[in-house]
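Student: So you can see what is in the structure, the chains are spelled out below.
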Amino acid sequence: MTAKQKQRTEPLLLEVGVEEIPARFLAGAERNLGERLTEALMRLRLLLPDAPPAGTFSTPRRLVARVPAVLLRQPHQVEEIIGPPVKVAFGPDGKPTRAAESFAERNAISVNRLLKIETPKGLYLGLRKQVRGRFAREILGETLPEVILGIGFPKSMYWTSKTGPRFIRPIRWLVAILAEGDKARIIPFEIGGVRSGKSTYGHRVARAKAISVKSFDEYAAKLRERQVEIDPQRRSEVIRSEIKAILEDRGFNAVPDEELHQWVISSTEWPHALIGGFDRRFLHLPREILITVMRDHQKYFAVESNSGALQPNFVTIINLAGDSAGLIREGHERVLTARFADAEFFWETDLRVPLEARQALLEKVTYQAQMGSYAAKVERMSVIAGGICEEMERQGSLDATGRDQVLRAVRLSKCDLTTQMVREFTELQGIVGGLYAREQNEPPMVAEAIYDHYKPANADDTCPRNKVGAIVALADRIDSVVAGFAVGLEPTGSSDPFGLRRAGNAIIKIAVESLVELDLARVTATAIDCAQGSLASANSVDLARRVESFLRERMDFYFREVAGLRYDTVRAVLSPSVPAGVSVPAVALRRAQALEMARDTEDFLALAAAAKRTRNILTKSAGVDLLNSNASVNSELLQEGPEKELFAACERITKELAALVAQGDFEASFRTMSGIRPQVDRFFDKVLVMAEEPAMRENRLRLLVHLNRDIFARLAELSEIAVETQVSSVRDR
Amino acid sequence: MVQRSLDKRAATKGLTFQDMIWRLTSFWARQGAVVALPYDLEVGAGTMCPETFFRVLGPQPWNVVYVQPSRRPADGRYGENPNRLIKHTQLQVILKPPPANVQDIYLRSLGDIGIDFRNHDIRFEEDNWEAPTLGAWGIGWQVMLDGLEITQFTYFQQSGGVDLDPISVELTYGLERIAAFLQNVNNVYEVMWNKSVKYYELRHREEFELSLYDFESASAESTRQLFEIYEGEAARLLKYYFNFDPSHRPARFPLRKVYEFCLKCSHLFNILDARAAISVTERVGLIGRIRKIATEVAQIYLEQSGPAAEVESA
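Line by line, the protein sequences are chains A and B.
Under the working numbering, the first residue of the first sequence carries the number 1, and numbering increases by one thereafter.
Under the working numbering, the first residue of the second sequence carries the number 1, and numbering increases by one thereafter.
All clues stand as given, with none of them false.
Only some residues are given here: those of chain A computed to face chain B with a beta carbon under 7 Å:
1. E19
2. E20
3. P22
4. M157
5. Y158
6. W159
7. V205
8. Q298
9. I318
10. N319
11. L320
12. I328
13. G331
14. H332
15. V335
16. A338
Some chain B residues flagged as far from chain A (calculated, every beta-carbon gap over 10 Å):
17. F27
18. Q31
19. A33
20. S196
21. L202
22. H248
23. R252
24. Q304
If you are wondering where the hints come from, they were derived from the structure by calculation, not from laboratory data.
We treat Cβ as the ideally placed atom computed from N, Cα and C, and that holds for glycine.
Using the sequences plus the hints, can you model the full thing?
Tutor: If you want it as structure tokens, here you go:
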């Protein structure tokens, strides 16, 4: 029935000309445009099944997509319209009923031309209509505005009026052509008064002259002539090779900085590297401060020698072919000098007031309205850190000197918030405190701890370098979380205004990677007492439980995302029913890793299935009380054969496990558990748990409780392990 | 330097502070902007002047340019810092609605004072602007000239808590920085105001005295009292206005005076802030009180300039 249709394809070129898109959003916007365009073409049936998706490019002033093969017309399509069931459509006399007639009427067709169509629900009356495919230009003209304006940005704007379009920045021109050369035709549409066409614009230095293009190659070539490289990858290569070229001869390197590299790619159309210099006298300032000024404030790459010594030079990436007169370099040097002079002034004046003396000033710096000042926070941190030290001293992993250093570092940790340097360069908090502490002759461990105590900033960051720093960092985060929860700032859904999830992630990371013996539950208990004692607005209802479950969630995140464990391995270990608990996260992680290794054997999977079955029987028949009880088995009521054998195996393995768990050998523990499989299988195969006789039934349930409590749920809730299809052969009657 | 002759700065060499102001002002006058006068009250930025605050509200087109001395008490340095000033000079431009080639026109204005974007690296870097005391914010960039921030370029989205329709573009040129750049000096006090008088002679003593007052002589107590007096006066008038039923509100109302009280409060708040006399929580509270006046003023402005008001006054 379908008319024979030629499926001709042609390339499509789309360019959205925009006023400067913020560099941090550019790569995401480019990717999103490609995805949305490909998705729309597929939805509109304008792509053949094997057609390549949209290729994309971008500069700060344009988002570009090119699709190599777009159908010029949608394929024709047969549409089925289903009416009433045949049973209803004809009366006993075989004549059409009202239902059939009105359906035919609605579709402007006579009843005798309707078809009987077989559907999954039975035979229905219906008709088939050929729908002719629409032309790509027409249908894309309707769809492209939505494809473009639907690109997701965190903060968009109006530029005409409130009824006008919203986008990241104003759209000023649109190129949309289908086919190339003489066949090239405009896909007609309009956004905010801008009509699509064939004209693009070069770099700003090329003035505002329109360039007409008829193909992608012509487009890319003409723009290149006018100092626009649309391909971020090529700009990246230019930047890398130019930086190398200007520094190599001198034996220097740019201090590597991927984030800055991305930024300069995304903020230039025609990048060019320039080297500039500054007065050597500024080199007495700490490297961290010099680099921050250059990177964060001026977007310059810092320069170091091959041996890593910072040089009085910088590299800036300009958006021009060159700087023949040296004016641009001179301008940048002047700005940098003024910035360094500020930093130098801050450094010198800040040092006149010792950190020690700044403690009193913290009274005036608010941490958060309900949680009080930073002075109050430091007070709470001291109590928490004291608790951590006590715990570690008991384990012999910290001595009295260590304890003094921790408390000193906590006292001074937030003092840098009152310095001019941190007020100007907030991203240097902690680091500046550490540098000042070093200058003021604090013990190296203390200075280092202050310097590091905001680490780890994220999952990829490292923990503080020394134990003192780890304790300070942990105390800081535990206070943020506990005090935050106490005053009702806990994260909900996607909202986490105080960044408590990140703080929680840091807690787990430090506990797992740094303070591996620490009992986190005890430390949080100290923090909770402290928060409830000192915060007037503390809402203590369920505080301990809420914090505990939050930290379990963060552990879940770490175990899965950072340690790379399977979700059900993690769920099994973190299950609240496991008596071993998770109060020492590093130990919980080792257990999870051991389970991950052990779980893929046939025996183990069978065990998991049996655990699930046991749990089901117990929850169904015995209720939660028995499940969690210490009920013991009456060995006299056990019958010879599988029942006695299972009990004996249970007893034996429970004992073996006790020894292995005490040694912390979790891999052997899980292997040992697998050893009970034959007895478990035979038991379920031969023995009826729900025996007629009440005492016997009760005793069998107790045997299962024993099995569950001391083996299946001892180190992890094995019933949580997903049993894949391959083990559905496990007998489960 | 021989190289310098390649720069267009050579052609405008000796472009003084006052010449630069004239050139920029007449550039925008040629674009059809009204050349308004600086406002005669302390303001933190040109945005706060009525020619911006009120005129960006409502539907009427409006193009204006004016110079506005702007005070930032926290930036006071007793005239000792080569770059920071307690009172700096802005050139403020409002384009409502903005033409589609507004960026090109802006770049041409730089050309008129001798900055050729073919020889300088001019970048539009993301920078969104916000004035919480006025309930105003916008989206835009800081314009960077060879790494130096010279202009704030903003598409206003809200003012006085009101969504703007149409949108206005605001351009705020930092005149001292641009002049120092053009004259190739590292210290703003070295800028030539005209051919023979330096910026120093007109402004240095004032910088010193204003810094002295704001950082030392000002009494936090009297400043607070003044704040409350001005706030109280604004509140008294606003209460009078809003006591009327919405359909009978008085056309005879000293709205611009209420707005002046709002500006007074804003400046006094800045002094308190610079003296570190307020805690973070109190800070938020004070900002909220000023914004309340600003948003009510904006509301009245729209009520009075709407179609109904025109009929009433006709």
